[in-house]
Amino acid sequence: MNNSIELEGVTKRYGSVHALDRVDLTIGSGITGLLGPNGAGKTTLLRILATVLAPDSGATVLLGRDPAMSDDRTEIRRRLGYMPQEPGFYRNFTVFEFVDYVGILKQITDRSQRHDEVRRVLDHVDLTEVARRKIKALSGGMRRRLALAQALLAHPDLLLLDEPTAGLDPEQRLRFRAVVSQLPNRPVVLLSTHQTEDVVALCERVIVLASGVVRFDGTPMTMTEAARGRVWTATEQDIGALLSWRMGDGKFRHIGDPPAGAAQAEPTIDDAYLLLAGRDALTVAS
Amino acid sequence: MTVDTTITPATPNQTMAQLMQFEGRKLLTSPLFLIGLALPALGSLVFFLQALNDPSATWVVDGWTIFVGFVLAAIFTMVAVNRAALRDDREHAREQHDALPVGAETRMLAMVSATLWPATVLVVLLGGVTGFAATQVEIVWPITVLRILQIGALVLLYGALGVAGAVWLRNAFMIPMIGIAFYFMHPSDEILASWHAIWPFATPGTPVMAGWHLVYLFGLTLAFTVAAVARTGRGRAVVIAAIAAMTMIGASLTVLLNCPVSTCLV
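Chains as they are written, first to last, in my numbering: chain A, 1 to 286; chain B, 1001 to 1266.
The reader is advised that the hints may include incorrect statements.
Over 12 Å on every C-beta distance to chain A, these chain B residues come out as not near it, computed from the model [unchecked claim]:
1) F1022
2) P1031
3) A1038
4) A1041
5) V1102
6) Q1136
7) M1174
8) I1178
9) Y1183
10) V1208
11) C1259
If we take Cβ atoms under 7 Å as the criterion, some of the chain A residues that face chain B in the derived model are [unchecked claim]:
12) R65
13) A68
14) M69
15) R77
16) R78
17) P87
18) F89
19) Y90
20) T109
FYI, nobody ran anything at the bench for these hints, they're computed from the structure.
Ideal placement from N, C-alpha and C gives every residue a C-beta, glycine not left out.
With the rest of the complex left out, here is chain B:
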């Protein structure tokens, strides 16, 4: 029996886009991400109700609480991405997937890129809450566009860290520990001039400094992405990305660690 079995051949970019969409959808329905999302969503809901019922409400404590909720959502996203990246090992599916034409490095890169989905959801939610607050209450503690973008960047960074952790540690325990460690070691005095200051700040100094903080976050994201794919893929693109990541991290840290106190502090 002869049948026409022609399957439209795909380009690497098409494969990547399809994988990214697939993984993105899976991430958005992941119980861990949904738990993380529930934290800022509940905080936002409480603020909505308070703002609607109390004309004297201000955007101070509520804003900060909601903001911390978003950071926790990013950490939950990291654990969700880490678990997704570990599923080949957990479910003993590595061998059959290694016999398929799409390599492990593409699968990991798609996993990192898929973090764009939860990042977008969280940025839209934070943008919506911020916009609502601006129309309803006195804004004592403003959330700027740069700070909203920093939440998105933080989710991407944690996503890349989750995948890199899965690739190199092959262990579901380590990444939640790293997330918790980041949470507790974060500087509490609102100073940007610290190498481990990866969270968006309550007041991120000048817009220029906030911009450099974004560059730092994207540099780290790129570095972890390189780490996620470098175990199986060591092409020229990986080397170029590694150099770009080091440049971004080096330049941003140079500025941030040497910033004048007036632009670094609250």
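Okay, chain A solo, but in the shape it has when bound:
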């Protein structure tokens, strides 16, 4: 069974804005992080992969099938788990009812099998105790876990998670990492996030997208290394730096092209991200 996604020259425009500009990617099994500032095209890319949005041009092959073909699209959707950036819930449904409903829409029509599956995913995201509670009574963090639960139904081969840890407290984020890192059968997981810590902790590969273009594609370690030699500290702010900030010890940390003799600092993935995403990320950061 082909468990990969392939994009070739995928372009999507909204008016004159290129949300994605001739993106070429091949992503296989395992967890891939997708980093980028707001408006970089991450959500557009995930929506195309979720088959809810068609690209203007380019070729897409998901799990060995062409989403432009009706039958293929249905088959892809059977094997897809999608957690959108802003998931919607039927607030008057109970937690169990909602996931059960999604289970029917995933075509798990054997009732007892479906209910077992609903219980499994709710247990996975630690929502078993509130299974009979109405969704409108859940906290924001619980709702995000519910969105993850519905995406995990039926062991998807392709799991698309759009900012899944936004709004989660540290404990819930650790639990999320545990859930995603222990998925059986190594599905293709694409994790769009602003949380670089999640990428370091979970992803074997990271893609940086900015202005609809792939700026980096490699491991988190090589991404971090890309910033080596471009991070330095000083007692004064350097106006020539791309970005500077004062740290707890009173020194300034700078990113950019260092002046001669600058005290080099150990780079982090955040430094590398800011360098790679460039002006787009800095606009968001400011």
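Fit chain B to the supplied structure of chain A, relying on the hints for placement.
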């Protein structure tokens, strides 16, 4: 880690049946449907008490009051179905559900079909009240089997209209307005020969005419069902259903609008 993740694949009919059951259960517990159900149920209860306590009671005014209650219950059902069909828009859940293998047209068709549940409840209730009346009091105003079925057909018709309204109008305000408009524009002089005569009548002319009225109601139901699914699904089945609906509406209206006065009037 490798685990067996085999999920039994479903046929479209199995999916449809499961969705229909799910939506049917939700409809039966919908507050709007329960309010609608309470109207004929209360009317029936009042009649029961009256019939049991008053040997001279007759099935005239009470019967009609209960009957109007059933029509109002059908309108409440329409609003409940409309709200259910609009929930993807209301709760911003369309995107994640569009990424699932069951398409919007199947979901809407299941929603229309789920109206069978409230229709059955109302038909059983009306049948029960009618049966009880037949054993307890003098029947001055009979409710025939065809008329009981017309209540069921009316609920299905309103259900299909509620879903079609959700699909095309995407607005929770319009359907209650349409329901109210139907209520007030309904002919009050018991004449079947009117295109907007969709309610069951106090006296539905001859059984043949009552039958044609049923065909008219089912034709409209099918037409609204086609409208409910045609926005996203335009397969051959939709075209065939549209032709069938037009045929049923055309044939029944031809008969009903040209019926002799003796068979049309009270």
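Consistency of the hints with the structure:
1. F1022: Contrary to the label, B/F1022 does not stay out of reach of chain A, its closest Cβ about 6 Å off (not over 12 Å).
2. P1031: 9 Å, violated
3. A1038: B/A1038 clear of chain A: closest Cβ-Cβ about 19 Å, beyond 12 Å.
4. A1041: 23 Å, holds
5. V1102: 4 Å, violated
6. Q1136: 40 Å, holds
7. M1174: Holds: least Cβ distance 21 Å, greater than 12 Å.
8. I1178: B/I1178 clear of chain A: closest Cβ-Cβ about 24 Å, beyond 12 Å.
9. Y1183: Label holds. Min Cβ-Cβ 27 Å, cutoff 12 Å.
10. V1208: Answer for B/V1208: holds, closest chain A Cβ roughly 42 Å.
11. C1259: 45 Å, holds
12. R65: 12 Å, violated
13. A68: 15 Å, violated
14. M69: 14 Å, violated
15. R77: For A/R77, the interface hint holds, since the closest Cβ of chain B sits about 4 Å away, which is under 7 Å.
16. R78: 5 Å, holds
17. P87: 6 Å, holds
18. F89: 6 Å, holds
19. Y90: A/Y90 check passes; min Cβ-Cβ to chain B is 5 Å, inside 7 Å.
20. T109: At about 4 Å, which falls below the 7 Å cut-off, the nearest Cβ of chain B leaves the hint on A/T109 intact, so it holds.
Consistency note: the structure conflicts with the earlier hints numbered 1, 2, 5, 12, 13, 14.
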